[in-house]
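Given next are the chains, with one letter for each unit.
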Amino acid sequence: MVKWDNNRAWFLVIPVFVIVAFSAIIPLMTVVNYSVQDIFGPGQRFFIGAEWFREVLHDERLHAALWRQFMFSGLVLLIEMPLGVLIALAMPKKGWTASLVLVLLALPLLIPWNVIGTIWIIFTRPDIGLMGALINSAGIPFDHTGSPLDAWITVMLMEVWHWTPLVALLAYAGLRAIPEAYYQAAKIDGASRWAVFRYIQLPKMRGVLTIALLLRFMDSFLIYAEPFVLTGGGPGNSTTFLSIYLVKVAVGQFDLGPAAAFSLIYFLIVLLFCFLFYQALQAVGTGDKG
Amino acid sequence: MRLQKKHVGLIIYLLLLILPIYWMLNMSLRTNADILGAFSLYPENPTFANYLKIFSDPSWYSGYINSIIYVTLNTIISLVTALPAAYAFSRYRFIGDKHVFFWLLTNRMAPPAVFLLPFFQLYSTFGLIDTHIAVALSHCLFNVPLAVWILEGFMSGVPKEIDETAFIDGYSFPRFFITIFLPLIRAGIGVTAFFCFMFSWVELLLARTLTTTNAKPIAATMTRTVSATGLDWGLLAAAGILTIVPGALVIWFVRNHLAKGFALGRV
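Each protein sequence line maps, in turn, to chains X and F. Oh and the first sequence: position 128 is 128 in my numbering, straight run, nothing missing. Oh and the second sequence: position 68 is 1068 in my numbering, straight run, nothing missing.
Read the hints as simulated data drawn from the structure, not as lab findings. Small disclaimer: the values here were computed from a predicted structure and weren't measured. A couple of the hints might just be wrong.
Footprint (simulated), chain X over chain F, 3 or more residues, beta carbon under 8 Å [stated by the list, open to error]:
hint, stretch
1, 1020 to 1034
2, 1130 to 1141
Part of the chain X face toward chain F, derived, beta carbon under 8 Å [claimed, not checked]:
hint, residue
3, LEU12
4, VAL16
5, ILE26
We put the beta carbon where it would ideally sit given N, CA and C, even for glycine.
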């Protein structure tokens, strides 16, 4: 859409700008401030420059957590995005079934994140949980508190269970916005099911899928409460994702300086990837329009 | 309705989706001795003791009330501020528009864990600790940008000619916005409100840090119980089920708007 040029439109943006800046810029400045100081207590702080950044970047355990985090987010996106689109394609388009499916899909999204962890602890307990009992009765020992692989499977299952509905809801919104005329035209042209998906549905879903991908990347990269409640980062360090490690540094050892430097690096990584995803998806979209 | 292959897949998926929630419901209707004593697919001697305890103990039910208050506040603040901004991003080109639009979303990207201390200091300075408004405001950090992004999509789906016609007819901007434009994207507002509600409802870290007693959210009450008295499975499950209820009610009432909203939005 061609937009009107008008710089007075800024006045409409000011409330949002102020409300977000208030709770974003001030805390961010505080974190930057911590990250370059050595803090011993109130009034006892020394400027030490980039020391903490150097220390954090050389931290072996951070590298391990970062690698684990990339694995996790990558796998999660690979499973959730296609699955969400598939579900959206299979959803009924109108009537009470459409409403019912929407409501059912939204249920996992409405559970507080730490409660999600609790649910899955109950659900996967070998003695009293449905899933744990089922797997064990099939003769496979399954225990997410003992085996790193089982812990990973449980955390992944929980994450996919929890968040695929978000992708599905957004993809569904994109699909429903396609005018019926497009499908009729495709039918007249004798387009295959795949062609309809590739040249009509996918390009039309680009906007919503961009939001879905960005949200899913951010939230899976920042994931904290669910695996923390479920496994506490263990067994060993096998499910210690970045924010769990970050909290261990910040709260466990109470090292504000390194924790602040750590979170700034963390923030920059997320920012960089979101920016790349955003640019790439915008470019894909403009190429598809022809 | 004709049963197609894709519907079978969808039904299986939905069943798997409901299973963990069903299991929690099952647990919440049993006593602890019963839960630990025998594995059972359904409550054989259903009891509402766990729910009764939550509804009779103020430290439990006040958590729900607190959560509902700040989530409602947050949804209202997010919508009221995001609507004009989304209109500006959707209709106008102005200095820095693209940058501000992306910058807004970057505020979701900061790891919340280390923002806790700065947030605590910031809200202490203004004397807002342990108030509902503090939590509502802090949740704006991630909800307002998302609201702007989603609303912008819905607004861009409305043809610009409608605005032009209204302005030629002599409508002032506020009057046009409220009487013509908002009803057009009503469904989009519903979808956005749902997302704000959802993300504010499930957020715990900030809500817990900024509150002590008066505005303590339900999710925090639950964690406290876990650590203090060991694991009371039945009570925990009942509390978990109850955390879904307000949200489920909200969606049930707006379900038709949601379905319509999803149909209308270009997003």
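Now the hints, each set against the structure:
1. 1020 to 1034: holds (count 5)
2. 1130 to 1141: holds (count 4)
3. LEU12: Since the shortest Cβ distance to chain F is 4 Å, the answer is holds.
4. VAL16: Hint holds; VAL16 (chain X) Cβ to chain F Cβ min 4 Å, cut 8 Å.
5. ILE26: holds, 5 Å
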